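Asks: Protein chains in written order, with the working numbering: chain V, 1 to 690; chain U, 1 to 178.
These are calculated hints, taken from the structure and not from any lab test.
As the structure is a computational prediction, the values presented were derived from the model and not from experiment.
Possibly wrong hints are sitting among the right ones.
Stated by the list, open to error - Computed far set for chain V versus chain U, every beta-carbon distance over 10 Å:
hint, residue
1, G275
2, S316
3, P387
4, R444
5, D485
6, R524
7, R555
8, G570
9, T586
10, S647
Stated by the list, open to error - Residues from chain V shown here face chain U by an in silico Cβ test under 10 Å; the list is partial:
hint, residue
11, D14
12, L27
13, P48
Unchecked claim - Now the in silico label distances, taken between C-beta atoms and shown as ranges:
hint, chain 1, residue 1, chain 2, residue 2, range
14, V, M1, U, R62, 34 to 42 Å
15, U, T128, V, R11, 20 to 28 Å
16, U, D64, V, G242, 46 to 54 Å
17, U, D64, V, G13, 24 to 32 Å
18, V, G672, U, G18, 54 to 62 Å
19, V, A651, U, T128, 19 to 27 Å
20, V, L45, U, G18, 36 to 44 Å
21, U, S21, V, D258, 19 to 27 Å
22, U, T160, V, L45, 19 to 27 Å
23, V, D41, U, T128, 19 to 27 Å
24, U, P130, V, R24, 45 to 53 Å
25, U, R62, V, G13, 25 to 33 Å
26, U, G18, V, Q34, 52 to 60 Å
27, V, D485, U, E28, 56 to 64 Å
We put the CB at the ideal spot given by N, CA and C, even for glycine.
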Amino acid sequence: MTELEQLWALRDGDLPEAEAARLRDRLATEPELQALWARVDQLALDLPELPLDAPPAGLNAALVDQEPPAPSASVDSGVRSGRWRVIGGMVVLAGAAAASSLLTQWWMAPLDAPLGPTMEEPVATVPVEVEPEVELSPPEDRPSVAAPREVDLLDTGMAPGDAMPGRPTRQAPAPAPVAAYEGLPQEFGTALVGIVGHALGPDATGERGYWVVGNPLPTHAMIGGDTVCGTEAELLESRRGGLSTAVRGCLAGVAASDAVGARRASFWLLGDLSGTPKWEAAAVRHLERWDEQVLAASLAHARMQRGEPDFTHYASLAFPYKGRSRASKRATTALYAGWREAEWRQDGGRIAWHEAVDAAGLWRVTDSAGAGQQALWGELVAATPPPSGCEQGMAGDLETRANCWLRVVEDDAYPASLRSWAAPQVVVVFSGQGDSDRQLRALRGHLDADPLNADVHLELAQLLAERQAFPEALAMLEQAEVLADPTAETRMLRRRLEDTVSGAPSTALTPAGPASVEVCSDLRALEPAAMMGRLNTSQRACLAARAEDAADPERRRVALVILQNLWSRGDRAEWTEAAQLELKRTWDLDIAYRLAVLLHRDGGQDPEVVALTERVLVDGLRWEGQTRTTRLAKTHKTRVAALRRLSLTDASVVSELQRSAEDWHAYAEKTGMDLDAALAACLEAGGSCR
Amino acid sequence: MNQPAPLSTDVLALARDGDKSARSALLERYGPVVWSMARRLTPEPEDAYQEVWLKVFAALHRFDPYGSASFSTWVATVAHRHLIDRYRKTETRGVVVSLDRLGTAESQADAHLDQRRRLVRTEEALRTLPAHARRVVIAHCLHGVALKDIAADEGVAVGTIKARLHRARAELVEKVGR
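Between the sequences and the hints, there should be enough to build the whole structure, so can you do that?
Replies: As structure tokens, then:
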């Protein structure tokens, strides 16, 4: 017995007393066991809370309308009697002989129809044959069968290639049900009762008899109220496309009705029509009434192979397909990629670009691996509609092409994925030409399209530094440092920038030096120096004194100037201390955010990071636009990382880690940011993140 | 436990006599009990649901409203028994499952509610249990069917059922918590 099993046994009082006592002792001292116990407790609370779902509409109505059955001997609240097992055995024996021919047909029938028609094959059961002495007229002679095959009740009127006007409605068409085998059910059922009764003895006819009369042959023949379309043997002919005209007509009638068995009737028909030109029309009609992903996939596949554009509609019905086999996943994934690609083409290659590319990315799960993706990607790029005025330019010389692509990069009407793809190539071209203006434009466009890309921030910071736009370069560098852990490259750039700034002469880009400000009364005058981290000792002391003075109306602004100066000087330890002090005085969202990120990076203060991020995630909703998205994503990430580290030593945060990882994943999914990392964290934390 | 409120004995008596509105009331109130079991334990819940109710209606006269079991538990016991029968049949014959029936609970989940998320995970974990283990957990833990009744239906000793239950729930804890 595993530990968990023992805990459950303890909970249920099923553990021997001595063993239970030992386990209780361990529970009192072992935190790991306590954590397990908490999970056991939680599940014990959760299980009874699993929802009770209402049955689908229509099921209850059908039941209420059933005639009340005769009281059954088979149901009681006590222990099952052995008698029914004997009877069950007799059923098997009685049916075995009659079954043999049908089962032979069953297994020998070709499994030819892909996906759709075979997906709801009826299970083989003990068949019950109508004995010869029961007079049944042959199906063709039965008077009320109104739909011979030639009439084609399944004809939807759709010509191949007709566009589907949106998702089909689920409203059932309402031709009158065909009252096939009029007058038959009672006789038919009686006949079956006779046979079954003969096989099982008089006690058996109660339940079985009702079953046959009230709902004749529910699985295998026809269940459409009292409509019986044929014997099981007749219906099994559908496996080889051999339904008689009468049975087919009857099934079509039931399929078109609102009867409980309509869906099953439709499947019988689909099986019968498999491999014929009419199968598609039948499938279309079926999908107009019922959600059937596998059938939709099959239909989409057939139409895609013929190049009919409406295949995308059926592919959309089929996806996402919760298939079990790898083959079915491959098939529907390929369909999905095709569907998105087709949408993209219909849309002129703009809006659905990224979706087509994402779809192509899904090909990674298929055997065609990167080939499909590469092919589609290249095709998409080649087919991109050029910016106006660039109709010829996209195919011109290198510089002309680069200029046209630069316009794509800067145009937010183009999908972000395309702009991000094109930007580095534009930068390379203009870098070779020494054209930093256009490099800058391309990088800014890239950043606009991919604001969480730390590499782009760094590259932009380097370019800005080269252009001596130091404050902007520093700000960009800070962003890069926030988005990703510092690298040798970022550290080097920071040192270079700080050295340059400290030794740089006063230029248009550098603010007035601290020497010109002797006191700290004029905060506006101090701010530029603080931005550069160049406040002198006396100014800092003056500001520190003002920050302590609660009566100072500018106290808060003073604190911000101090923090800015410390941050710009790169004095992280002092900044952290000042920020913590300031947060104790006044809550500040921006400071809290930065502090959380910094504390996490430095490590060792995870509880504080967790506390800070919790509040930042709430208050962060005040941020707006891209800042909000970027910072909240970073906050989620920081929180999860801190909790993960904490969970190594503190099991009580495991559930919080799960929740936070799920929140991060949900946020990333919602905003389209850093989904891979969020998903990985969520999965690792055991969260629910599908 | 998710149990519907008790029903008056009048309604039961009327339903036993075939009164449609009384049966409708039974279905309305206890339908979810049967449906929840059916959808969790069989790939053909619609058929199973109807079959169970036909049995329940046929056996209403056997239910003792003053007995120890509530009507809900009694219905769950009947349902459990019937679903075992169905399982045994499909186990020997095999069945082709319509895949679109799987995963309904997930779509209803509100991902922002902790408990809901946990329940969704529990539901998912339940689906991965072996059939015999799933039956025990669902019948006993969700619907309150007595272990001795489950043991009788399954044709095994109560101790075996308890062992299955402990093992199944241990597996659930691991799967839900991962």
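Asks: Evaluate each hint against the coordinates.
Replies: Verification of the supplied hints:
| no. | hint | result |
| --- | --- | --- |
| 1 | G275 | holds, 19 Å |
| 2 | S316 | holds, 14 Å |
| 3 | P387 | holds, 40 Å |
| 4 | R444 | holds, 36 Å |
| 5 | D485 | holds, 28 Å |
| 6 | R524 | holds, 44 Å |
| 7 | R555 | holds, 39 Å |
| 8 | G570 | holds, 40 Å |
| 9 | T586 | holds, 30 Å |
| 10 | S647 | holds, 12 Å |
| 11 | D14 | holds, 6 Å |
| 12 | L27 | violated, 15 Å |
| 13 | P48 | holds, 4 Å |
| 14 | M1/V with R62/U: 34 to 42 Å | holds, 38 Å |
| 15 | T128/U with R11/V: 20 to 28 Å | holds, 22 Å |
| 16 | D64/U with G242/V: 46 to 54 Å | holds, 53 Å |
| 17 | D64/U with G13/V: 24 to 32 Å | holds, 28 Å |
| 18 | G672/V with G18/U: 54 to 62 Å | holds, 59 Å |
| 19 | A651/V with T128/U: 19 to 27 Å | holds, 24 Å |
| 20 | L45/V with G18/U: 36 to 44 Å | holds, 41 Å |
| 21 | S21/U with D258/V: 19 to 27 Å | holds, 22 Å |
| 22 | T160/U with L45/V: 19 to 27 Å | holds, 26 Å |
| 23 | D41/V with T128/U: 19 to 27 Å | holds, 22 Å |
| 24 | P130/U with R24/V: 45 to 53 Å | violated, 30 Å |
| 25 | R62/U with G13/V: 25 to 33 Å | holds, 31 Å |
| 26 | G18/U with Q34/V: 52 to 60 Å | holds, 56 Å |
| 27 | D485/V with E28/U: 56 to 64 Å | holds, 59 Å |
Figure legend: structure checked against the earlier numbered hints; hints not met, in rising order: 12 and 24.
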